[in-house]
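Novice: Residues per chain, in single letters:
There are 2 protein chains.
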Amino acid sequence: MALIVQKYGGTSVADAERIKNVARRIARTRDEGHQVVVVVSAMGDTTDKLIELAYQISERPDNRELDVLLSTGEVVSSTLLAMALKAMGYPAISLTGAQAGIRTDAAFSRARILKVEAKRVIKELEKGNIVIVAGFQGITEEMDITTLGRGGSDTTAVALAASLGAEVCQIYTDVEGVYSADPRLVPQAQRLAEIGYEEMLELASYGAQVLHPRAVELGELFHIPILVASSFTEKPGTLIHGGVAMEVRNKVRGIAHNRNVAKITVVGVPDRPGIAAAIFVPLAEAGISVDTIVQNASIQGITDLTFTVSKGDLARAMEVVEPIAKSIGARECVSDAKLGAVSIVGTGMQNTPGYAARMFGALSEKNINIQLITTSEIRITCIINEAEVEEAVRALHQAFQTEADTASG
Amino acid sequence: MALIVQKYGGTSVADAERIKNVARRIARTRDEGHQVVVVVSAMGDTTDKLIELAYQISERPDNRELDVLLSTGEVVSSTLLAMALKAMGYPAISLTGAQAGIRTDAAFSRARILKVEAKRVIKELEKGNIVIVAGFQGITEEMDITTLGRGGSDTTAVALAASLGAEVCQIYTDVEGVYSADPRLVPQAQRLAEIGYEEMLELASYGAQVLHPRAVELGELFHIPILVASSFTEKPGTLIHGGVAMEVRNKVRGIAHNRNVAKITVVGVPDRPGIAAAIFVPLAEAGISVDTIVQNASIQGITDLTFTVSKGDLARAMEVVEPIAKSIGARECVSDAKLGAVSIVGTGMQNTPGYAARMFGALSEKNINIQLITTSEIRITCIINEAEVEEAVRALHQAFQTEADTASG
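Protein sequences, first through last, are from chains A and B. Take the first sequence: its position 73, counting from 1, is numbered 662 in this note's numbering, and each next residue is one higher. Take the second sequence: its position 197, counting from 1, is numbered 786 in this note's numbering, and each next residue is one higher.
There could be a bad hint or two in this list.
Same chains, same label: a pair holds when it works inside one copy or across any pair of copies.
[What the hints assert, rightly or not] Calculated cross-link-like contacts (lysine-lysine; reagent style DSBU-like; alpha-carbon spacing at most 30 Å):
id : residue 1 : residue 2
1  : K915      : K927
2  : K716      : K609
3  : K824      : K955
4  : K840      : K824
5  : K915      : K716
6  : K840      : K915
7  : K900      : K955
8  : K712      : K955
These are calculated hints, taken from the structure and not from any lab test.
The shape of chain A in the complex, shown without the other chains (with noise of 0.2 Å):
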């Protein structure tokens, strides 16, 4: 007998239907002997549906206030889950985010967990429940309700199979695991039976939206394995976790892309000391993330300064940026919108040369134009054109082509 987390995303409980089928899937696991602790996000399009009614009453709606009407929605299928359950006969029990001890900071719509209190979880899994926890969601030490903005019910998942020690976190979905690339691009992307959580964090992190980069991070800090796997079908999914074999270590496993990418350039800057924190401490105070930072080799003491944010951010960082530049004397501000980013990510690099040559004579070929190149370790990015992702994707696939280790099933 173990105790497993099982997370069912939007998708998955899109309806009645769609609700009694996962409640057959956690009864299965159930039958096979195992204590059971559900995650479970909103019903399909409600929060969408929640948020545009926020927005019919208010242009600017309270954050605090927009918090408790969205936590609502993992409520309402935490509730009807357990129903289902028991209408099959299985005992089961929903809980809030509050009634399951997550406990938050008070950053209303993005709150990052604290602790867990799990004591009222793990005293109804003694009395043999299945307990099925409203995703997503947290409490304040003032009792106030709080989201966990994106990736909220997974980040929820790994964080109670971590308090409670479970020997499993699954992630169910509307997709069949991890792929070595996007399948709708490319269509020789073979899914993963396996990663290691350094990759599947530079992969999520650069744009597989499978499972969000702060979940892997939890799982990874708390060796706990988290199963990727689709909801609809009985496929494997992928396993991340922290045993990877050497062997498929030593490859580039995946390629991640990204449509959602502007820059901003400020030409002409005076390379002296404080100036990157007078733009970039302001940026961070009004909220705005910051992905990629290049600056030039300054000629005569004038450099250039290019970031990028995502593109909902661009209109907002150009007002904070606009007149710091002007005060700093830099000569002007550039932006582009219409920006992607491609990502080949494999531990396999490490200390191995060749994978950046090999990345761009394959964007070359393609005549793909690379405007800005940032690596880890473990990960090479390519800032391109958006119109030329897809593009790119296929031509790292094939380039590194199934390096992936093939998947079963």
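Given chain A, put chain B in place with the hints provided.
Specialist: For chain B alone, kept in the frame of chain A given last:
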């Protein structure tokens, strides 16, 4: 400066525009210098839709889960109302029933309020906030979410008013107050400017749906004046309080009616001690509420026992009663599902003869047959055929006509 509790019903907050309208009304009360606590129902038909969803999942949805599910309806409307006030520049905060300290017993779907721990509400009032509380819900000692059943949000409002020592509890709804009879049946019916708790309790218990008897009882117990008025007009409404003038009390104040009456007669019951308990204890245990009970004078040790239930409970009540009737040697059980009730209510009846005679006379003139009669000190109720309810209400209003004090506006 006074502390005022306001409650807005589901039709008053049915969509974004109506929520904004309610926000403007609240803001006006605030502008008059008052502290305001608002209790809100779920938007329009939200509760019905959630119930429908639950029944798509299960034929008998679990009560605990159903309560958590339904509680989200009021949470949604409370957050939207707080957003609307903030968008207008008024400081406001929403609180769930749990956050507002509405502590209940664990009788899911029909929980009773045990106490109100209003610390958080008081703290938010002291901060200058308008406090919006999700009605109809509370939380048990075990931190399980409950709903209060019928009249729940009205009860939340009066309980909060009592706990906070509010000057008045204003119930805003889609009717303009309490009338001498249902104005849809009796166009001449008049709005009462004021009415005493006891009279209102009888009217509410015997069919006037404007306010739930639970809320009236609570108001009487804690001496909270309750104003019932429309959220759509500026009409003054009806004030329910304890200090109604002697003169005004000495009349038939209102005619109540109820079309939802079914009757069961256990025929040929041996008249011996313990028979009533044998029948009514199991009914109570099955959660079936029995209204009127009439036992005929016994002839040769044999009697008939008749009682009424709501139509929805009739089938279950027969299931409970038939085997008991058999076991105690009764001849048979017969039921009639097509009944209604008309009542006249007024403290004037107390110690004043002639009201019953006038009532029976008025009904007899219209050839309306009276099946059962029950009375309290300030009420006389006749059970009649459902099809004759409307005519009976008109006849009674005519007979006792404008004894009601005329209302201005």
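Novice: Each hint needs a verdict: does it hold in this structure or not?
Specialist: Status of each hint after checking the structure:
Taking identical chains as interchangeable, the C-alpha atoms of K915 and K927 lie at most 30 Å apart only when both belong to the same chain, with a minimum of 25 Å there against 83 Å between chains. For a Cα distance limit of 30 Å, the shortest separation of K716 from K609 inside one copy, 23 Å, qualifies, whereas the shortest one across copies, 46 Å, does not. For the identical chains of this complex, K824 and K955 are neighbours neither inside a copy (35 Å) nor across copies (75 Å), given an alpha-carbon limit of 30 Å. When the C-alpha separation of K840 and K824 is checked against a cutoff of 30 Å, the pair qualifies only within one copy, where the shortest distance is 24 Å, while the shortest distance between copies is 77 Å.
For the homomeric pair K915 and K716, neither the shortest alpha-carbon distance inside one copy (65 Å) nor that between copies (41 Å) is at most 30 Å. Taking the shortest alpha-carbon separations for K840 and K915, neither the intra-copy value of 46 Å nor the inter-copy value of 82 Å comes in at or below 30 Å. Only within a single protomer do K900 and K955 lie at most 30 Å apart by alpha-carbon distance; the minimum there is 25 Å, versus 76 Å between protomers. For the identical chains of this complex, K712 and K955 are neighbours neither inside a copy (60 Å) nor across copies (65 Å), given an alpha-carbon limit of 30 Å.
Of the hints listed earlier, those the structure fails to meet are numbers 3, 5, 6 and 8, in rising order.
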